[in-house]
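Construct the complete structure from the given sequences, taking the supplied hints into account.
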Amino acid sequence: ILKGVKAPVRMMVGEHDWFFDMGEHWRALFGPEQYSFDYNGVHFVTLMSVQEKDFWTERGMTPMQRMQTVAGLDNGLQSRFEVGAAGREWLTKDLEKVDKKTPVVVFSHSPLYKYYRPWNFWTEDAEDVQAILRPFEHVTVLHGHTHQLLTNRIDNIYFHGMLSTAWPWPYAPEGLPKLTIQQNRADPFDQFDGCGDGSVELTESGLANALYNLWDRNPVTVRASYLASSGAQDAPPRTKLPSY
Numbered sequence: 002i003l004k005g006v007k008a009p010v011r012m013m014v015g016e017h018d019w020f021f022d023m024g025e026h027w028r029a030l031f032g033p034e035q036y037s038f039d040y041n042g043v044h045f046v047t048l049m050s051v052q053e054k055d056f057w058t059e060r061g062m063t064p065m066q067r068m069q070t071v072a073g074l075d076n077g078l079q080s081r082f083e084v085g086a087a088g089r090e091w092l093t094k095d096l097e098k099v100d101k102k103t104p105v106v107v108f109s110h111s112p113l114y115k116y117y118r119p120w121n122f123w124t125e126d127a128e129d130v131q132a133i134l135r136p137f138e139h140v141t142v143l144h145g146h147t148h149q150l151l152t153n154r155i156d157n158i159y160f161h162g163m164l165s166t167a168w169p170w171p172y173a174p175e176g177l178p179k180l181t182i183q184q185n186r187a188d189p190f191d192q193f194d195g196c197g198d199g200s201v202e203l204t205e206s207g208l209a210n211a212l213y214n215l216w217d218r219n220p221v222t223v224r225a226s227y228l229a230s231s232g233a234q235d236a237p238p239r240t241k242l243p244s245y
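Residue numbers (the numbering used here): 2 to 245.
Don't take each hint at face value.
[Said to hold, decoys possible] Keeping only pairs whose Cα atoms sit at most 27 Å apart, straight-line, the calculated DSS-like set for lysine-lysine is:
1) Lys-115 / Lys-94
2) Lys-94 / Lys-54
3) Lys-241 / Lys-179
4) Lys-54 / Lys-115
5) Lys-179 / Lys-115
6) Lys-115 / Lys-101
[Said to hold, decoys possible] Restraint ranges, calculated between C-beta atoms of paired labels, are given here:
7) Ala-229 / Thr-166: 27 to 35 Å
8) Asp-100 / Ala-236: 30 to 38 Å
9) Gly-61 / Lys-101: 42 to 50 Å
10) Asn-41 / Gln-234: 21 to 29 Å
11) Asp-100 / Gly-32: 21 to 29 Å
12) Phe-190 / Ala-229: 37 to 45 Å
13) Val-43 / Lys-179: 22 to 30 Å
14) Asp-156 / Gly-24: 26 to 34 Å
15) Asn-214 / Asp-235: 13 to 21 Å
16) Glu-128 / Gln-234: 22 to 30 Å
Note that these hints are calculated values from the structure, not bench results.
Where is the CB? At the ideal position from N, CA and C, for every residue including glycine.
Below, the structure written as structure tokens:
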């Protein structure tokens, strides 16, 4: 599938790609798990944000046991995701050469904020990463992991949580970012409901409009102006049924 894509392809690692062999196969296929590039005046950064503190060595876990533990998001044995000290140091050095007026777009598997800890919808060192990004005028973070439409803003950082192509998760019982317009619950009898893909349009200001292409529903666009106005302008349509 990827070889058939005509546009340049960039990959971002998630926990299911990593914890069986600690990234060995990933690196062989795609290269470094953290990298950056510049395109049309925008600085793009891909972070490895699903590091975990070692919970497996002392317990004598096999690679498969380690992977299965991480795959269970509510498994109490694992630690919370983090970028980690080495990752934060790499990010700091990478951004040293970038002008503060340059728009910055960050790709992160986990949300770079703290949403709901019991499900590991969480990045333990999120505030430290945000502090590194705060000096820049326009920062957009695109994240996965939560398998749901999420919208958040923390100071100058705008966050868009993207859809998944399988397993739409319900919204957590608490911690939902206040700018998120919740979607209806997924239909358990429709394998594609609540799933989809998406695209992002960067505006001239360097901020992003996020399009959520839900396969069995109408598409939803979350505009940069909605986040910039803290929800006062251009709000996405609200659903008529109870959210999931």
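The hints, checked one at a time:
no.: 1; hint: Lys-115 / Lys-94; in the structure: 24 Å, holds
no.: 2; hint: Lys-94 / Lys-54; in the structure: 23 Å, holds
no.: 3; hint: Lys-241 / Lys-179; in the structure: 18 Å, holds
no.: 4; hint: Lys-54 / Lys-115; in the structure: 17 Å, holds
no.: 5; hint: Lys-179 / Lys-115; in the structure: 13 Å, holds
no.: 6; hint: Lys-115 / Lys-101; in the structure: 25 Å, holds
no.: 7; hint: Ala-229 / Thr-166: 27 to 35 Å; in the structure: 30 Å, holds
no.: 8; hint: Asp-100 / Ala-236: 30 to 38 Å; in the structure: 32 Å, holds
no.: 9; hint: Gly-61 / Lys-101: 42 to 50 Å; in the structure: 48 Å, holds
no.: 10; hint: Asn-41 / Gln-234: 21 to 29 Å; in the structure: 26 Å, holds
no.: 11; hint: Asp-100 / Gly-32: 21 to 29 Å; in the structure: 26 Å, holds
no.: 12; hint: Phe-190 / Ala-229: 37 to 45 Å; in the structure: 39 Å, holds
no.: 13; hint: Val-43 / Lys-179: 22 to 30 Å; in the structure: 27 Å, holds
no.: 14; hint: Asp-156 / Gly-24: 26 to 34 Å; in the structure: 32 Å, holds
no.: 15; hint: Asn-214 / Asp-235: 13 to 21 Å; in the structure: 19 Å, holds
no.: 16; hint: Glu-128 / Gln-234: 22 to 30 Å; in the structure: 28 Å, holds
The structure fails none of the hints (numbered hints given earlier).
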